Amino acid sequence: MLGSRKQQYWLYGVLAVALVAVIAPFVWMVLGSFKTTGELRQSPPTWWPETATLDNYTQLFARLDFGGYFTNSIVVATAVTAGNLVFCSMLGYALAMLDFRGKRALFVVVMTTLMIPGVVTFVPLFVLVANAGLVDTLPGLFLPFLVSPFGVFLMRQFILGLPRDLVDAGRVDGAGELRIYWRIILPLCGPALATLGILTFLGSWNNFLWPLVVAQTEQSYTLPVALALYSTGQNSTQYGLLLAGATVVVLPVLVVFMIFQRRFIEGIATTGIK
Amino acid sequence: MTATTAPPAPPGETTAPGGGKRTRAAARAEGRAAWILALPFCLLFLVFTLWPVVQSLFMSFTDTRSRDLRTPFNVNVIGLENYTRAFADPVFRQAMANTAYFVLVGVPLTLTVALAAAVALNRGISKLRGVFRLGFYTPVITSIVAVAVVWRFLLETDYGLINTALAWVGIDGPNWLGDPNWSMPSLIMMATWRNFGTGMIIFLAGLQSVPWHLHEAAAIDGASAWQRFRHITLPMMRPTILFVSVTTGIGYLQFFEEPYVMTSGGPLNSTISMSMYTYNQFGFGNYGFAASLSYIIFVIVAVVTAIQFRLLREND
Chain E
1 MLGSRKQQYW LYGVLAVALV AVIAPFVWMV LGSFKTTGEL RQSPPTWWPE
51 TATLDNYTQL FARLDFGGYF TNSIVVATAV TAGNLVFCSM LGYALAMLDF
101 RGKRALFVVV MTTLMIPGVV TFVPLFVLVA NAGLVDTLPG LFLPFLVSPF
151 GVFLMRQFIL GLPRDLVDAG RVDGAGELRI YWRIILPLCG PALATLGILT
201 FLGSWNNFLW PLVVAQTEQS YTLPVALALY STGQNSTQYG LLLAGATVVV
251 LPVLVVFMIF QRRFIEGIAT TGIK
Chain Y
1001 MTATTAPPAP PGETTAPGGG KRTRAAARAE GRAAWILALP FCLLFLVFTL
1051 WPVVQSLFMS FTDTRSRDLR TPFNVNVIGL ENYTRAFADP VFRQAMANTA
1101 YFVLVGVPLT LTVALAAAVA LNRGISKLRG VFRLGFYTPV ITSIVAVAVV
1151 WRFLLETDYG LINTALAWVG IDGPNWLGDP NWSMPSLIMM ATWRNFGTGM
1201 IIFLAGLQSV PWHLHEAAAI DGASAWQRFR HITLPMMRPT ILFVSVTTGI
1251 GYLQFFEEPY VMTSGGPLNS TISMSMYTYN QFGFGNYGFA ASLSYIIFVI
1301 VAVVTAIQFR LLREND
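Note that the protein sequences, when read in sequence, are chains E and Y. Take 1 as the starting number for the first sequence in our numbering and just add one per residue. Take 1001 as the starting number for the second sequence in our numbering and just add one per residue.
Extracted from the complex, chain E is given alone in its bound form (with noise of 0.2 angstroms):
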């Protein structure tokens, strides 16, 4: 029982004023970062570039080390990817399947810490990274987020959804535990390794609050810390090559939001988190 027709066209209308209101500041940020900071402050704005220039972004990989950041994002996530997707689906088989003293607590007190937020902890997480030397070093910037409750709640559900008998007739056929969980589990568990996988991926590129405080040194800046900074700091009236490192920052997300999409949105709309 769709609108009437009239109603309908009406309400593409709203949408499609919505959609490039919403779509309009990515446009205007990518053509943005191809003009000169002397377009960019005219009055009334250009949309489109009159003088295109890759100035900003041979600027931004060449007297700004923004390949540098840009390596430092991509192995910090990696590494936090990597650990959530292993460490969390071993503790998920572990509470899903087997039974073991302990267990009940083991999950009350992980799942009680998923709401606890990001800031209570780090203070003496900056301590603790600080006596152990870890300040403005790559793992200083990863280890604290090798694991997740939230990743661990998302594997326990998904392996509790898995037949048991698949765990029973590994037993029979004289697999030990481990086995079981690296061979059997494991290879099952794509569509929950995924979404975990992507989830993560994106929310360690786009943190900033602990890589602002570990990252002192450009040398470990991660890209937002290092559009942060700039753009609060000495570079804050070069527009064109703020817009270019925006572009930097959020264009291949948005590639890798484009060919994922689906896994994207249903991740979203099971787990409710993003």
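If you are wondering where the hints come from, they were derived from the structure by calculation, not from laboratory data. Check each hint, because a few of them may be wrong.
[Said to hold, decoys possible] Here chain E is said to cover these stretches of chain Y; the calculated rule only asks that three of the stretch's residues, wherever they fall, bring their Cβ under 8 angstroms from a Cβ of chain E:
| hint | region |
| --- | --- |
| 1 | 1023 to 1031 |
| 2 | 1049 to 1060 |
| 3 | 1115 to 1126 |
| 4 | 1140 to 1146 |
| 5 | 1260 to 1274 |
| 6 | 1295 to 1306 |
Model, not experiment: these values are computed from the prediction. Positions of the beta carbon are idealized from the N, C-alpha and C atoms, including for glycine.
Given the structure of chain E, go ahead and fit chain Y onto it with the hints provided.
Showing chain Y alone in chain E's frame:
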């Protein structure tokens, strides 16, 4: 990695074919294997989450400063002094008021936009649903820092896109980020733009559980679209709305990147948030004080979440 090298099955692990009773040795082996699987997580979790949560609480009762990192014995326990100082601090009170403003306006606004988009996409239109869904969701996945940089330009007074568009329809746009009255609405506008997509996706999933025959029956009885929304959709969506308002609220209570990049907390502290003030105090080296501020945020998040559960869970 422990996972790849499964140890040989210990004697006694074999079960009777057909799944008969397992021996005690088998149960013990299972428990041991479970803890081996749990160990890496537990170690990392203990060191990087559980211990810091406890230590943060302890630190909040001390006068720890950055220079005490090398000389931990200089730290004094000062009881609740940090907390009394926080609540007496005019800037932190301002930060609390700003955060309340951001949450109280931002959460309902985000939920309303998300729900409107979800309802429109669910039943209002027949084609292009996927395109709209994808488009509306896109801002969610992008870095707040990057979009904040872009929005700073969009909100420029003289050459920004938004004021230019307003000028087309004859409106003289304000100095969005420079006027203390408009700075917070600007941040709320951006946050809504960036976040409503998450709520929309969850609402779309929730709307699937609203039985359509109820709508049809009500329509036959002459109920208008608004009446059906008000009396069928909204009540049935209550758990979903609760869920989205809780998760959005938790996120908004900790907002940080938006003021950090767009306004540095200004003008006149009109956009400084609790998280940002905590970060600033940390930056000044006041670790103990920052820890107490972070615990205040924690408690506020927990209390607000509990209140939301009460408000939305109770039946009319």
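Annotated coverage of the region 1295 to 1306 of chain Y by chain E, confirmed only when three residues or more have a Cβ within 8 angstroms | Holds, because 6 residues of the region 1295 to 1306 of chain Y bring their Cβ atoms closer than 8 angstroms to Cβ atoms of chain E.
Counting residues of the region 1049 to 1060 of chain Y with a beta carbon closer than 8 angstroms to any beta carbon of chain E, are there 3 or more?
-> Since three or more residues must qualify, the claim that chain E covers the region 1049 to 1060 of chain Y holds, with 8 doing so at under 8 angstroms.
Establish whether the coverage given for the region 1115 to 1126 of chain Y by chain E is satisfied; the threshold is a Cβ-Cβ distance below 8 angstroms, and no fewer than three residues must meet it.
-> holds (count 7)
Examine the region 1140 to 1146 of chain Y for residues whose CB is less than 8 angstroms from any CB of chain E, and state whether their number is three or more.
-> holds (count 7)
Per the coverage rule (Cβ-Cβ under 8 angstroms, at least three residues), is the region 1023 to 1031 of chain Y covered by chain E?
-> holds (count 4)
Annotated coverage of the region 1260 to 1274 of chain Y by chain E, confirmed only when three residues or more have a Cβ within 8 angstroms = This one holds; 3 residues, not fewer than the three required, reach chain E with a Cβ under 8 angstroms.
Hint check: no violations occur; every hint is consistent with the structure.
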